[in-house]
Amino acid sequence: MPKLIRVALWIAAVALLPCEQVFAIAVRSPCDRPFVFPGVDLNVVVLPYSQPSSLGATTPEVGTQLGQLVEFETLLAIAKFGSVGLIQTVGDPEDECTPEIVLGKLVGSEMLQPRHALIMIWGRIFESGSDLYLQTYLRFLRRDATENVEFVEGGRTLSGRLSSQSLALAPRKIALSELERIQQQYATANLLRATPNADAAFVRIPESGGPYSFGITDVRGDWVELAPMSATQNVLPRGWVLARAPTDGLSLRERMPELALVEGIAGYLSARVRNETRPLAAADAALSEYLERWRRGAFLAEQDTAASGMTLAVAIPEQLRGIMVLLRATGSSADSAAAHDHFKRAATLMPYSASARNLSAISGVSLALRERQPDRPPRQYLSDLLAAVNNDPGDREALDNLAELYDLVLTPPSGAPSRWSVPTADREALTQERDALRAVLRP
Amino acid sequence: MAAWAATLLMSCGANAQILPCTAVNEPGRKVLIDEVVAEQPSLAELANTLAIQIEQNLEQLRTEADPSLRVHACDARRPRAPTDFKLDVVEGLLDRDVALEVWARVAAETDASGPHNKVEIGYLIVPVRYFEFNSGTPPGAFVIALRSEPIQSIDDLVPLLNHSGRIAAYAALASGTVLLKSTSLQSRRWDPARTQLCRAMSLLRSAGSARTDAELASYAEELAAQAWSGARADAQYSGFLKTPTAVARCLS
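Taken in sequence, the protein lines are chains A and B. In this text, residue positions in the first sequence follow the numbering used here: the first is 1, and each later residue adds one. In this text, residue positions in the second sequence follow the numbering used here: the first is 1, and each later residue adds one.
Hints may contain errors.
[Said to hold, decoys possible] According to the in silico footprint, chain B covers these stretches of chain A (three or more CB under 8 Å from chain B):
id, segment
1, 34-44
2, 162-171
3, 391-404
4, 430-436
Derived by calculation from the structure, the hints in this document are not laboratory data. Beta carbons: idealized from backbone N, C-alpha and C, even for Gly.
With the rest of the complex left out, here is chain B (with noise of 0.2 Å):
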């Protein structure tokens, strides 16, 4: 896994394009990691970082929420803005049991506050982008942009690279989502599915105040909530959902 941190290449916006992985056909549940992308070469060593801030954030996922997710490199892969994750792709992800994709690229841009350097992370949350692809919200597939100095130091720099609360808040909402909408499991679903909903709502609050988050706890408190009059109206299931005293909403 530490191989692929090393492998960045240098970008050029005419050669960026969406790559096959053929790690997704890796069996098992997963997160993919694009290639990071220094978009000029002085940039090298801040992609290395971010790319080894992505890696440690997963791996305390794996650690702490599930060490059955395998986490798996995408060389070469490098999305240019979530447009490229269009549905036909996003199926496929699904299909093989993708949860995540995490991409990111850095740049030195110049604007009227001066020169700086821009950090993008971008994830694709695989089956909000697909069950909601049409409608786009929320977001399944977005970037979020951070902002450094062109000399800021590596100890202010990494810890604001630290996402591990918000990557798991993703996978909580990717697990609960496919379990909602996973009709093969019945009424099995509703317990599980509200579960990974409320968790995700609940860690995403707290994870920073990042518009998409936000929008993305609505998401799951929404979707906790079908789950909750999914259980409610299904004649097989007979679980604590179905008692006067379970609500609809996450509570806190």
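Bound conformation, chain A alone (with noise of 0.2 Å):
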């Protein structure tokens, strides 16, 4: 059956999957006609690892088989999210495999209805000397959506966002024997068996063509069931696959703590997609295991985070987990408190960024106007505003938050602490800068 008809009818196949606890995977999708599986929340493409050529001869193809076990290892971690699909891609990295034609043709299409939700997730194996290196990008969305949160204060509404949602991650030393483990790995994982184990007869999933889709049926330990769909039942038949190596194989999540992050971004977007709080403490567990161990085996000079050029791969994170902390929050002050330290501590890493200045500062506001005892007036956080606009003009949300702070700061809402209401001495040069900021906000 010609490829693109395949591709077509699995498409239609999936389609008609309840959306509700959707599992579904494919392996060796052509990266030149990318898909996503239309009906699930949540879509993790992986594409292949680009690798130097020196190592052809050896390992011609373990830049793909990597981003093969990154997916099965991803779905270990995020079947529990329910309503996943993932796709690992075939192709050329330097050519059709890239992340912005890929996402292009992703989000160009339909498949990816509005506020679902993407992670592609992508890399380069590089040598130096006889050593070899592993460095893992991604990049998450949701359809037409901001990655944001609003805090509601005295009825006025302070909104901020997420700063980046691209993110390159620590570099990794790999040795050759760890890609020939990936290798055996592979081997192993590539294998349908009858039943979930090792010594069950099996069917080799083809190493060409492709893409070859299935529905997850059940997960038992480390292994998985996939169940064809369409064409693929054309040829292959319903098995287990071992997506987790044996105790004694390359423990992927251990040598690659990102693995963990994108568990914490997809516990994330699966929250944000479905409007619900449950996959939020699975994800932040995850997150806090990646932010404790993304030092770990990488490669980086400095112990300075931001000297060492990996302030995003820890700030988004952070910033992550604060949101995560509202969304789950129950209105406490210690929830205020705890997302006001995840901000925080992400604007300290990159004070260039407005919206990083915009979510510590509007964090801080909340958590001043739920504490009876502030331990910092109004006016402070007024300066970390007007720092982050005067830094970043044409920030519209800090600014349009910068205006909504002078009201409250000026018209405190009831309950306030004391310590918000501001003398009378500095009352009418406070109304001058509203006013002033009033106009040029003025459409």
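Grab the two chains, each in its own frame, and use the hints to assemble them into the complex.
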């Protein structure tokens, strides 16, 4: 059957799946015709890792194989979030398999539905001397949605958003022997076995052609049962794959803490797509794990995160944790304090980012208004936001927040702490500042 | 892109020259990477390591700051020194939307402390070089020199070559400088120029302690102040920079 027709049939089959608890996976999907599962809340697309040509003789497919192992490891981590689809792509990472081209096709098509989420993972294996290094990149989004958070204080809305949704993660050194283990692990993971048992009869998933697409019908430990869809039914039977290495194999998650980051982001996005809080506890635990372990095995000169160039790789997970605290919040000042701590850490890492300083400032305002004894007078929060827009005067969100904050300071909400009141001597100056700002914000 | 790293040529001083790069005619905003030169054949591996690190740094820049930025290899283009970037050369690059050019060389040297490898990474921040060509301050083209032991392990060396923070700063400075000087944008240029220039200043101050970076940080802040004063003097501009609370300097 022609490849294009197989893809079309397969997409049609997936579209008919129920929207709740849909788990689907595709391997060896050609990059030049990328797709996502149209009915699922979150799709994770894994592009092949590019590799140096010098590896061609010994490990010609290791970049693609690593992509499939990342896909399987991610599947095990995020299946608990429900309604997820994973697609491993094959193609030339220097040509049609670039993130820009694939993302452009996915977002440009109708397959990714409004407000549904996508995580794209790609990376590079590079060689220096006799050593090999691995670096992963990722991008995440919800179509036509902003990753934002709002604070409503005294009837006024302060809003903030993530500072970036595209990250370069820490490079890691890998040994040639680990590449060989990746190949061995891939060889094991690429088998469909009759039962979840390493000794069971198996059928090998072909290493050519594709896409081979499956619904996920069961997960038992590290074993995942795959049921072939549409065109794949003619090629492969239902069967079990061992998605994670046996205990004596290479632990991908151990070697790549960024997979915990992917899990955390997946949980966050699942929660936002469905507007529910259930996935957030697991997502926060995964982000916490990543932030604790991201330096392990990282190949960086500097201890200082900013100097090592890993600012976003740390600051964005912090911001995500802050947003997740707020999504789960019960309205207590403890929640506000926890969220503010995350946002503040991110802003400290990237003082040049108006969006990061904005999140820190508005979460501080919210905390101050919940605590009866704030340790900072309101003028300091105004100064924080003024610094943000002074450096980035085009950030409309921060400008709007600043105007709202002036109003909150000049007309404190009932129950505001006593320290929130403004001395009469300052009131006139603040009013003039507010009015000047409102004037430039008029459409 | 990976192919260019493998095409290192052993240079000799006599044939070194700055050749035209056909990639400058590619559309869009771009960064050029010249050939990484190993002065001695025994340093080919080190040069390869350096080339890959530069590529990594630029990939990070594209991922995190500007996916539309294109990176092009200029095979056989081997600047010897910042002075190779004469005004007409730089003007041609600016006209073709080149933001940065990076070149590098490695050489074995011996001095009083003994033999060592000298690693030089050259940066051309095209708009800074062009607009400050006569003053030379700050330098828009310069070399950052590193020193490594002859048998320093790659583990020790690779992190030293990671300039991702610095490259992000240079890209922001290039962008902010072009925006500030782009009169065709009229009053719409002040806000984005200010944003990029304050960002560049902040990144440069955290990038390291190189004297050039300090000079560039001061320059970025000076231009950011020009964006502020230009906005305030512009009758067509009606944004935040005109309010009484806006100040000239970038705030930390």
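Going through the hints against the structure:
Counting residues of the segment 34-44 of chain A whose CB lies closer than 8 Å to any CB of chain B gives 0, so the stated coverage by that chain is violated, three being the minimum. Chain B is given as covering the segment 162-171 of chain A, and this holds because 5 residues of the stretch bring a CB closer than 8 Å to a CB of that chain, at least three being needed. By the rule of at least three residues with a Cβ nearer than 8 Å to a Cβ of chain B, the coverage given for the segment 391-404 of chain A holds, with 6 such residues. Proximity of the segment 430-436 of chain A to chain B, defined as three or more residues with a beta carbon under 8 Å from a beta carbon of that chain, is established by the 3 residues found.
Checked against the numbered hints above, the structure breaks only hint 1 and satisfies the rest.
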